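Position chain B relative to chain A; hints supplied.
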Amino acid sequence: MDIKMNKDTAELLSIISGIVEEEPELLNARENEIYLRLSETGFEDAALALAERKFSLIGLFCAEAFEKKSGFTLFYVFKQAGQAPALVLVREAEKEKEVPSVAGTFPSASWFEREIRDGFGLDFAGALDNRRLFLHECYPEGFHPLLKTFKNGPIRPSEFPRKEYRFRQVKGEGVYQIPVGPVHAGIIEPGHFRFSVIGEPIFSLEIRLFYKHRGIEKLAEGKSPSECVALAEAVSGDESMANATGFCMAVEQVCGIKVPERAERLRAIMLELERVYSLLGDLAGMAVDVGFSLVASPFLILREEAFRQNEKLTGSRFLRGITIPGGLKKDIPDSLLNDLPAFLEKFSRAFETAFERAMSSSSLIDRFATTGVIKKELVSPLNLTGPLARASGCPADTRLDRPYGAYKDFAPELSVRKIGDVFSRFEVKANEIRASADLILRLAEKLPQGPIFAESTGYAGYAGHNLREANSPGATGYSLALVEAPRGQNLHWVYMKNGIVDRYKVRTASFCNWQVIEHAVLGNIVPDFPLINKSLNLSYAGTDL
Amino acid sequence: MNTSFLLFALLNPLFALLAAPLYMALIRKVKAYAQGRKGPRLFQVYYDLRKLMKKEAVYSPTSSWVMRFTPYLNLSTLLVCSLFVPLVFVPEPAGGLGNIIVFLYLLALERFFTALGGLDAGSAFGGMGSSRSMSLAAVIEPTMVVAFAALAFVLKSLNLHHMFALTAGTVLPISPTLVLVSISLFIILIVETGRLPVDNPATHLELTMINEAMILEQTGKNLALLELAHALKQFLLMGILINTILPVGLSTEIDAGKIAVSAILFLLKAGLLAIIIGLFESALAKMRLFRLPAFYVMAFFFSALTILIEVFA
Numbered sequence: 261m262d263i264k265m266n267k268d269t270a271e272l273l274s275i276i277s278g279i280v281e282e283e284p285e286l287l288n289a290r291e292n293e294i295y296l297r298l299s300e301t302g303f304e305d306a307a308l309a310l311a312e313r314k315f316s317l318i319g320l321f322c323a324e325a326f327e328k329k330s331g332f333t334l335f336y337v338f339k340q341a342g343q344a345p346a347l348v349l350v351r352e353a354e355k356e357k358e359v360p361s362v363a364g365t366f367p368s369a370s371w372f373e374r375e376i377r378d379g380f381g382l383d384f385a386g387a388l389d390n391r392r393l394f395l396h397e398c399y400p401e402g403f404h405p406l407l408k409t410f411k412n413g414p415i416r417p418s419e420f421p422r423k424e425y426r427f428r429q430v431k432g433e434g435v436y437q438i439p440v441g442p443v444h445a446g447i448i449e450p451g452h453f454r455f456s457v458i459g460e461p462i463f464s465l466e467i468r469l470f471y472k473h474r475g476i477e478k479l480a481e482g483k484s485p486s487e488c489v490a491l492a493e494a495v496s497g498d499e500s501m502a503n504a505t506g507f508c509m510a511v512e513q514v515c516g517i518k519v520p521e522r523a524e525r526l527r528a529i530m531l532e533l534e535r536v537y538s539l540l541g542d543l544a545g546m547a548v549d550v551g552f553s554l555v556a557s558p559f560l561i562l563r564e565e566a567f568r569q570n571e572k573l574t575g576s577r578f579l580r581g582i583t584i585p586g587g588l589k590k591d592i593p594d595s596l597l598n599d600l601p602a603f604l605e606k607f608s609r610a611f612e613t614a615f616e617r618a619m620s621s622s623s624l625i626d627r628f629a630t631t632g633v634i635k636k637e638l639v640s641p642l643n644l645t646g647p648l649a650r651a652s653g654c655p656a657d658t659r660l661d662r663p664y665g666a667y668k669d670f671a672p673e674l675s676v677r678k679i680g681d682v683f684s685r686f687e688v689k690a691n692e693i694r695a696s697a698d699l700i701l702r703l704a705e706k707l708p709q710g711p712i713f714a715e716s717t718g719y720a721g722y723a724g725h726n727l728r729e730a731n732s733p734g735a736t737g738y739s740l741a742l743v744e745a746p747r748g749q750n751l752h753w754v755y756m757k758n759g760i761v762d763r764y765k766v767r768t769a770s771f772c773n774w775q776v777i778e779h780a781v782l783g784n785i786v787p788d789f790p791l792i793n794k795s796l797n798l799s800y801a802g803t804d805l
Numbered sequence: 031m032n033t034s035f036l037l038f039a040l041l042n043p044l045f046a047l048l049a050a051p052l053y054m055a056l057i058r059k060v061k062a063y064a065q066g067r068k069g070p071r072l073f074q075v076y077y078d079l080r081k082l083m084k085k086e087a088v089y090s091p092t093s094s095w096v097m098r099f100t101p102y103l104n105l106s107t108l109l110v111c112s113l114f115v116p117l118v119f120v121p122e123p124a125g126g127l128g129n130i131i132v133f134l135y136l137l138a139l140e141r142f143f144t145a146l147g148g149l150d151a152g153s154a155f156g157g158m159g160s161s162r163s164m165s166l167a168a169v170i171e172p173t174m175v176v177a178f179a180a181l182a183f184v185l186k187s188l189n190l191h192h193m194f195a196l197t198a199g200t201v202l203p204i205s206p207t208l209v210l211v212s213i214s215l216f217i218i219l220i221v222e223t224g225r226l227p228v229d230n231p232a233t234h235l236e237l238t239m240i241n242e243a244m245i246l247e248q249t250g251k252n253l254a255l256l257e258l259a260h261a262l263k264q265f266l267l268m269g270i271l272i273n274t275i276l277p278v279g280l281s282t283e284i285d286a287g288k289i290a291v292s293a294i295l296f297l298l299k300a301g302l303l304a305i306i307i308g309l310f311e312s313a314l315a316k317m318r319l320f321r322l323p324a325f326y327v328m329a330f331f332f333s334a335l336t337i338l339i340e341v342f343a
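Chain order of the listed sequences is A and B.
The numbers in our numbering rise by one with no breaks, and the one at position 450 of the first sequence is 710.
The numbers in our numbering rise by one with no breaks, and the one at position 1 of the second sequence is 31.
If we strip away everything but chain A, and leave its shape as in the complex, we get (with noise of 0.2 Å):
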């Protein structure tokens, strides 16, 4: 196979060939993405010597029979902060064989090799945490529902969990359990938070999500990258557009599809009105939950604006079923999108009061600062990304460090705060608010005429269009896409077999971010709780695929 290799790439591949005393097999390489095999001592020196450079692990995820394997295949993703090229580090295992941990060099590990416990049933020796994840005690032995002999169906679980799940004991005097969850007094996604108090400071709190297993990832083995679309919208609601994105950009990689540049900047356009609202609704979270609804209410009703322009835009509030890969769907007419100076202008205008209102407010200031305090030491070790990363003193944004689509002509503005605490996440929401605005501007202007989709795709099966394509064989491969949602880098990987999804991986910026919640809490006391998790606005669908 031929491949091509650029600069970032060639670096990497001589940082690890300087690592490890052998020759790493290239396995593949694109633009910003290379793939090493390695022996298992060279994966382990490899390992050790990635952290000391401050590699973090974005993503760790498993595939059975890849390429011609009949086993399993281990991706291990590692990724610098602010620089755009991903190395994958590719392992074998098999079943009977315990694969050694990483976890106790890279934390984040710790949750996905949870996760590919549940998923595949591999072993992981020396893991931190040897608990299920996904599946909950419900699910009987030995059922793991991503493996290839499993097809997929409806299961049906015990009602009783058959094994005790054990959280972490907190002995002392005065020291108490609080659960909380799955059920909620308000209408919100199910999660258990079990804390440890002694009176109202927080000694230790653990999380327990993973109550709605949807089976995502299964659902998309064999099915059509189009129809896969829909699937990748359903991961998360408010980050549909992101991640429908993020998986057609994936698709196109492997594909080779050049999408027009019509097509990029509307994507562009319609991931940032995402991010405004997504994160108008977050402002307004943070207020109600410290019982200031005449703060929130205005920026609940710009949401509700902005909800109604994705309609008039898309036909979708969520921007839900425009996008595939190749392009678009549908075009959206210049005439709806010469409206959007008007629409953003007034918007600016509206937000600005309504951030003025926040920011006047002593009560509402006294509330947000030095409430859960997010260290930056913590960032690379959980990979914590987007807004909340960004207000604890990381400045990265895939949009800037590994731009795709419009992005790499259309800058977003970027904005960092140091301290780490709500109220620094609030200013950086607002302040990403007001960035997106200006892009959108900035992206609508000149828009370019022409196709919406490519001419040439490698996979078949969108009627919409005439593929010229259309009944030759699908392409083979797999690739790697990253995408800056409202909450952060989502990572989609996909691997095709003759244009059909064979494994479709998605690890959301929620599923690394919740994490931190059990380390921001500390020290704080439990009525604080709701806020803080409220600034951090995490996704359980979008950790429960």
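Careful, some of the hints might be misleading.
[As the list claims (entries may be wrong)] DMTMM-like, lysine to aspartate or glutamate: derived pairs with alpha carbons at most 25 Å apart:
id: 1; chain 1: B; residue 1: K68; chain 2: A; residue 2: E401
id: 2; chain 1: A; residue 1: K668; chain 2: A; residue 2: E564
id: 3; chain 1: A; residue 1: K329; chain 2: A; residue 2: E312
id: 4; chain 1: B; residue 1: K251; chain 2: B; residue 2: E86
id: 5; chain 1: B; residue 1: K68; chain 2: A; residue 2: E565
id: 6; chain 1: A; residue 1: K590; chain 2: A; residue 2: D669
[Stated by the list, open to error] Restraint-style ranges between C-beta atoms, simulated for each label pair:
id: 7; chain 1: A; residue 1: E778; chain 2: B; residue 2: P70; range: 38 to 44 Å
id: 8; chain 1: B; residue 1: T92; chain 2: A; residue 2: F427; range: 31 to 37 Å
id: 9; chain 1: B; residue 1: G66; chain 2: A; residue 2: K264; range: 52 to 58 Å
[To be verified] According to the in silico footprint, chain B covers these stretches of chain A (three or more CB under 8 Å from chain B):
id: 10; stretch: 553 to 562
id: 11; stretch: 619 to 630
id: 12; stretch: 782 to 789
Don't read these hints as lab results, they were simulated from the structure.
Note that the structure is predicted; figures quoted are calculated from it, not measured.
The beta-carbon is built from N, C-alpha and C at its ideal position, and this holds for glycine as well.
Below, chain B without anything else, positioned relative to chain A:
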């Protein structure tokens, strides 16, 4: 016992019971308007109570008689309290009724049983709410004692009936120091009824609740009784504040016309106060739990100042 008192004992609790829920609704309405919403109609609160009355009560298997008993006790305690606060006319003095010390103890009894009821269901939130409520009570109760002492100093009586007989008939407060006491009474009203910035009555966040957490496990008829008791408590505290600061129209005679005027005037004044409470709630974020004593200290300060003025002036 005389006719004046019998009429009062009949009229005052009935008036309070019927009118009290309306002001819960009015405050909600004001808050809704402040947020740019319409909010539920005013009478919705009565429909909700009627709906709850029809529903069956569900009890946690760990609960005891306390949980079943608390709603009845609370409502009857508050009904007794309503005999202490003349709302539409001040009757002739009768026995110990109107004594503020008894009044304070009745409120403490209600608080005590609400906290017990919160613990009884065995849920984590009830216990948390009770624990918070009790620790805050340790601060607010002395404050209330001082505030009512200040009221007693200014109006030269320990009996609310006597006090309001004194203020009735005047348009403005009889002493400027009453304005200071009123500030304390307003804060006590906010604290005792669990409103912002102390507690958020509209929240769904179990972990932040104080008052709501204690009644979280109550259902059906029991919940309706507790909500009615809560509304009654708010209405009575509003009544004390109104008769202190703006007693205009409060009747001291038994005269159908005067009582009617007095009642209508009272409803209007209470409406005004409800609007003020609604706006006050809208303008503030909920305070941090551990900062709340600072809010109570304001009430303590104004009451103590009043006493100092009354003693040395």
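For a quick check of understanding: which of the numbered hints are violated here, in increasing order?
1, 2, 3, 8
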